[in-house]
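Trainee: Residue-level listing of the chains:
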Amino acid sequence: MRILVTLKVVPDLDLLRDKKWTIKNNLPVETAYVKKAINTYDESALELALKMADQRKAINLETELFALTIGEAYADLFLKKLLALGFNKTYRVNSELDLRFNPEAVAAIITSFIGECGPFDLIIMGMQSSDGDNAKTALLTAEELAWPCITGVTGFYSDRSDQVAVENISDQGLVQQTIRTSCILAVGNAPSSLLRVPTLKAIKKAAEKDINILTLEELKAKPEDLLLQSNTRIQELETVDNSRESIIIDGASAEEKAHFLYNNYLKGWMSSK
Amino acid sequence: MSLNKKQIVEQLTKLLNSGKVVTDPEVLKESSVDRFRRFEELHGVYTQPLPAAVVYVQDSSEVAAVLKFASENEINVVPRTGHTATEGGLETIVENSIVLDGSEMNRVTKIDPYNMQATCQCGTPLEILEEQLREKGFTTGHSPQSKPLAQLGGLVATRSIGQFSTLYGGIEDMVVGLEAVFPNGKISKIKNVPRRAAGPDIRHVVIGNEGALCFITEVTVKIFKFMPENNILLGYTLDNMKTGFEILREVMVNGFKPSVARLYDHEDGAYHFSHFANGKCVLIFMAEGPKKIAEATAEAIEDIVAGYDECIKVDTPYIKTWFENLNWDANDIAEEKTEIIETKNMGNTTEISADWERINKIYEICVERIRKEIPDMTMVGGHSSHSYINGTNLYFVHYYNVTDCKPEEEIKKYHHPIKKIIVEETIKAGGSMCHHHGVGKHRTEWIRDEYGSSYYILETLKKAFDPEGIMNRGTIYPG
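Listed in order, the protein sequences are those of chains A and B.
Residue 235 in the numbering used here sits at position 235 of the first sequence; the count goes up by one each step and never skips.
One rule links them: number in the numbering used here = place in the second sequence (from 1) + 1000.
Take these hints with a grain of salt, some might be off.
Quick partial rundown of chain A residues pointing at chain B, CB under 10 Å, derived from the structure [what the hints assert, rightly or not]:
{"hint": "1", "residue": "Arg2"}
{"hint": "2", "residue": "Val34"}
{"hint": "3", "residue": "Ala206"}
{"hint": "4", "residue": "Asp210"}
{"hint": "5", "residue": "Phe260"}
Negatives, chain A to chain B, calculated, CB over 12 Å [what the hints assert, rightly or not]:
{"hint": "6", "residue": "Ile114"}
{"hint": "7", "residue": "Thr154"}
{"hint": "8", "residue": "Leu200"}
{"hint": "9", "residue": "Leu237"}
{"hint": "10", "residue": "Glu255"}
No lab work stands behind these hints: they were computed from the structure.
All residues carry an ideal CB built from backbone N, CA and C; glycine is no exception.
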């Protein structure tokens, strides 16, 4: 089974307090100065793909893992890590375009890439990225490819070459289904899916492998056309206040704190219902 | 020890006026370890004997009463405040120990801007003191990574150091006076004076004692004018550590005092500076203080660095964002827990110091040996973060994937062999095995080698102040 996992390297926005925002002319917040990380949902997608490769290996089924990102050279550090973790090939489509709010363009590039470097049986994506939050790329790619897509995926496994058993959270709750490949899985809040860490030995071995760099031209994608695909324009920036009023309960033990919580808060609420 | 757990708890309860005696089993388990055994703890495995109780004291007289009782009944006492120790200093290696907790003695008792000093109780979180000082335009100048969590008593007891140490010094340079309680119940107060030549400096019996000689109840530290508007950050990438050490040395021996002088190797640099390091070492300075001094210091550093072709200057905002997120808080610790449990990737640090002549050799041999000899390593590197006229420190950072071993075997399989390499190579080269975390319980096997003939002085302190051996057994002094 040939599996493509797409990932985005994003600024670690936890490190950038809103008081420190520098707003550029066309409204994006300046994030060039912030440490980069793999987008959280993509990290889950990568780890779940590795877990499935492990699971398939245990039953003597072959799996080839490929990783794709679109962006600048700073992503290479992360792609090298994936090679050390056992990905067969990694690809970066070199682009300096601001595609944060342009999932249409991202889907178009991914589709072109699949045409050039495919075929793939399964595409695994994170359901959204922390800097764009569009949550559309997987669905738009599925539409372009005319493949089925499952969103909110929390886990999957495969014991055949042409199908995957998938678990996902939908409006109806937790759903388990088996789907024929080719298909797209958009990974959501998957438990226990932090990306494993490669050993120094594996990193050294992977250093000999190259990252495959592709240009937009090679994928027959014109930057000006891609930018036109966006149907979103930023009008203004506003910070969202997520703070909540809270009380810290003090006590010598968990039991004492629980008593305090029950007697002073829960008891009243429970009796009023 | 003749009393059983029940009797110890009963007696302790009688001794205290307003203090608390806690015997909740979960609290006792958590109190039997510190961050050294966090891999075990995260997996719910507790291998150390459990204490009889955790005692939250409210004042010096309660501390004195508990210590006297413990002394008379030969009960081991483990003093603590913020519970952020990293070297096993808070492990209760004796069953039915008393964990003596000063975290509720947390008042800032006096801020004295005219004499430039502040007095606070042992359980005062450093961040609280710092916030109060900053409101008045002052700072302690002390900023360890644990600042959001650590408390003054523990910081003094472990000879802590902060990120601005090159200008302000370590905690030993900041403590003016203090109060400590000894195991016989004697409360000793060292007065606050600028300097004195009335015999040995007895503050140093207390500073860094790690609870093995006495319990610190109050601390007075120097304060400084806080002028962050004058801070100038400088950053560079460079090819190798040897050049970086040369630059640090040149800055120090020429008499410049940046508050921050840090050199990261390419491994550690890749972790902290993935947004610009690109496989290189990273050198960072911060000049602060009065505007003219800060500017002159920054200018001089730039001149020195200009003499090294391999250094490439980094735009200040790249360094600034990193710098604003340097300290650890409760969220970071919670995230670290999740990461360790899910990935089984475990990281620790070992900090040493040596003179300029030896530091790079120690760095090279330790990194090479750890890479070669320890299995499952995922990262080994480090940084220098505290420089002096005659040398600097090295903060080794080591991560590994815990593979094919039980949680309780992790230290034996990985952490101890790594520490052994670093400590033994450092002592062999003439450096010190502990720069700022303290000895704790896991470097005591090398304490005699660390001290050589001067171990006589260290040993005599224990005999004099803790003749019954009830203070934090196994810490600094082999158990």
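Trainee: Each of the hints needs a verdict: does it hold here or not?
Mentor: Hint by hint, here is what the structure shows:
no.: 1; hint: Arg2; in the structure: violated (26 Å)
no.: 2; hint: Val34; in the structure: holds (5 Å)
no.: 3; hint: Ala206; in the structure: violated (13 Å)
no.: 4; hint: Asp210; in the structure: violated (15 Å)
no.: 5; hint: Phe260; in the structure: violated (14 Å)
no.: 6; hint: Ile114; in the structure: holds (28 Å)
no.: 7; hint: Thr154; in the structure: holds (14 Å)
no.: 8; hint: Leu200; in the structure: violated (5 Å)
no.: 9; hint: Leu237; in the structure: holds (18 Å)
no.: 10; hint: Glu255; in the structure: violated (6 Å)
Hint compliance for this structure: hints 1, 3, 4, 5, 8, 10 are not met, and every other hint is.
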